[in-house]
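Chains H and R, in that order, give the protein sequences. For our numbering, add 9 to where a residue sits in the first sequence, where the first one is 1. For our numbering, add 9 to where a residue sits in the second sequence, where the first one is 1.
Just so you know, these hints were derived from the structure itself, not from any lab. Here the structure is a predicted model, which is why all the values come from computation and not from measurement. Backbone N, C-alpha and C define an ideal beta-carbon position, used for all residues, glycine too. Among the clues, some could well be false.
As a list, the in silico EDC-like pairs of lysine to aspartate or glutamate whose alpha-carbon atoms are at most 16 Å apart [stated by the list, open to error]:
| no. | chain 1 | residue 1 | chain 2 | residue 2 |
| --- | --- | --- | --- | --- |
| 1 | H | Lys132 | H | Glu33 |
| 2 | H | Lys155 | R | Asp153 |
| 3 | R | Lys155 | H | Glu33 |
From the derived model, a few chain R residues whose C-beta atoms are all more than 10 Å from chain H [claimed, not checked]:
| no. | residue |
| --- | --- |
| 4 | Ser11 |
| 5 | Ser36 |
| 6 | Thr42 |
| 7 | Asn43 |
| 8 | Gln49 |
| 9 | Arg54 |
| 10 | Lys94 |
| 11 | Thr144 |
| 12 | Asp153 |
| 13 | Ser206 |
| 14 | Leu215 |
| 15 | Gly234 |
| 16 | Asp235 |
| 17 | Val305 |
The residues making up each chain are set out below.
There are 2 protein chains.
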Amino acid sequence: MSKVLAVDLGGTKIYSALVNRSGEITSGDIRPTNAQDGYQGVVKRILASIARVNTLDEPAVGVGVAVPAYIDPQEGRILFAPNLKWQAVDLKKDLEDALGLPVWLDNDANLAALGEHRYGAGKGYHNLVYITVSTGVGGGLILDGKLYRGAFGGAGEFGHMIAAPEGPGCSCGNIGCLEGVASGCAIKREAQNLVKSGRGHHMLSLAGTIEKIDARVVGQAAAEGDLDAQEILARAGRYLGIAIASVANLLNPEVFIIGGGVACGVGKLILDPAFNEAYRRTYPPYRDSLKIVPAVLRAQTGVLGAAAYAWDQLDQIKR
Amino acid sequence: MSKVLAVDLGGTKIYSALVNRSGEITSGDIRPTNAQDGYQGVVKRILASIARVNTLDEPAVGVGVAVPAYIDPQEGRILFAPNLKWQAVDLKKDLEDALGLPVWLDNDANLAALGEHRYGAGKGYHNLVYITVSTGVGGGLILDGKLYRGAFGGAGEFGHMIAAPEGPGCSCGNIGCLEGVASGCAIKREAQNLVKSGRGHHMLSLAGTIEKIDARVVGQAAAEGDLDAQEILARAGRYLGIAIASVANLLNPEVFIIGGGVACGVGKLILDPAFNEAYRRTYPPYRDSLKIVPAVLRAQTGVLGAAAYAWDQLDQIKR
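One chain only, chain H, in its complex shape:
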């Protein structure tokens, strides 16, 4: 049975895996990215990681790579990868030259959506919106059964939908973006501000110092019953729900799938307020079909998305 190689290239880790058509991982390798070594250094580490998983008795027929980057949808060149500090590099060509196999790249949020669609919480749906809530907020869209990339490959910037028009500044320079009020960074900022104002004692005692308070600490405090922490997460969830309602009314998808470290870590404490807010703001005729579910692939989201993408591309070549 043939296999594909799948690589989830992150800012901190490289995760390579050999994956069959059913999405089963038969071997895997995880190692640090060491982005500070520069592009050539990271390419070497990717190749070493691949060499480790690509066993000779069943060699892979193609390679999918999930990259935290903007990618030229026609050529597959990386235009800009902020976390890796790369600009205008041709990772597809460099890997193809080294491996002698076809390589396909796409943005990590797009491939996470594809992975959940093929192998995870989105199996069987034709229209889904995948949202990741971690340090930032991102997403990907499967519309009419296919990954939707937009005109310039940039669709799915869910984190930059306007959820709080007069709200705080966002890392992108605008104000009012969802990412500025519902990301891991926003949760951390809100918690630290609360402690500075003299409240949030439980979060402070868990973290030790104010600087160490982050979304994980807020999640732990909330799980232990701390009302301040619960309210911070609920507020983030309500903003998430506002953006979900806008998308429900615009795209009328069958399901929203929520993944990412923060959402997975705190679970219902953010998803329940998100659902309630989205429900009350969804256009009444669509309301009862609103469905928001947690992602299921977790740490495998990236590699399984990359694998699904490689399988799709191989199938297209065959046709």
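Given chain H, put chain R in place with the hints provided.
Coordinates of chain R only, in the frame set by chain H:
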């Protein structure tokens, strides 16, 4: 050269036309809907209007109908048409039985998007968002070159995106919808409220009485230089821009096309503030590709969209 019949069924008017593949209208008929006569009465009027335009020397090969309704995307049955007060009627079957021709129905905003895509401001684009600003606010989406209907046929409810989370109530029962702050109804309400508060003298003198102040009066006063009226339109435009930015960041389309009576009537007075607000809130990498243009088909939007839809369906049958 063969033709299709196209019908734009509105709450007040029926517009029927014979249309060739290039979108040229070779004969047309406009008559009142008289919705108060009930479903059978309106069907009779549609058939009479069609009989008027369907000349015997070049009989039509199919019929497209734009309906202000929710339509079952599989069966083509009308589920609910609030303006006509219809529920669960099978207009497709009733027209097919009477005409002996294949008939295809779709929602009027979807078909307006298709019409602008095929014959209007959207020619040559693959990803576009059509927005109509009239009494209400609606829209339709062309994604990857095709009309996108969503899971349950309800995509494109642009007017119910959340543009002002704590804003005024909307006709749908929710709060904060774009329609509640940027529609013809919202503009009328804002103008009447301003006059009640003792300002807006120019609008009052144009209208005669406060009850007669509507979006048309506000547009006229604004065109004549009235600052109160201009600010009302600019505010509506800014809310429109907030929702456009959200969609730009989510879907990354090539172009936004703005139609509908209010937007066409007041033009730049609403579109310029919309563009400025959308531009400053669009995710920086996409900002310089943001394009917002006026619709061009105006009164023909519905019939040309219905014609494009009939041509598409005929082409699918041939394949």
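Hint-by-hint comparison with the structure:
no.	hint	result
1	H:Lys132 x H:Glu33	15 Å, holds
2	H:Lys155 x R:Asp153	10 Å, holds
3	R:Lys155 x H:Glu33	34 Å, violated
4	Ser11	29 Å, holds
5	Ser36	36 Å, holds
6	Thr42	23 Å, holds
7	Asn43	27 Å, holds
8	Gln49	26 Å, holds
9	Arg54	27 Å, holds
10	Lys94	16 Å, holds
11	Thr144	17 Å, holds
12	Asp153	7 Å, violated
13	Ser206	23 Å, holds
14	Leu215	31 Å, holds
15	Gly234	29 Å, holds
16	Asp235	26 Å, holds
17	Val305	20 Å, holds
Comparing the model with each earlier hint shows violations of hints 3, 12; every other hint is respected.
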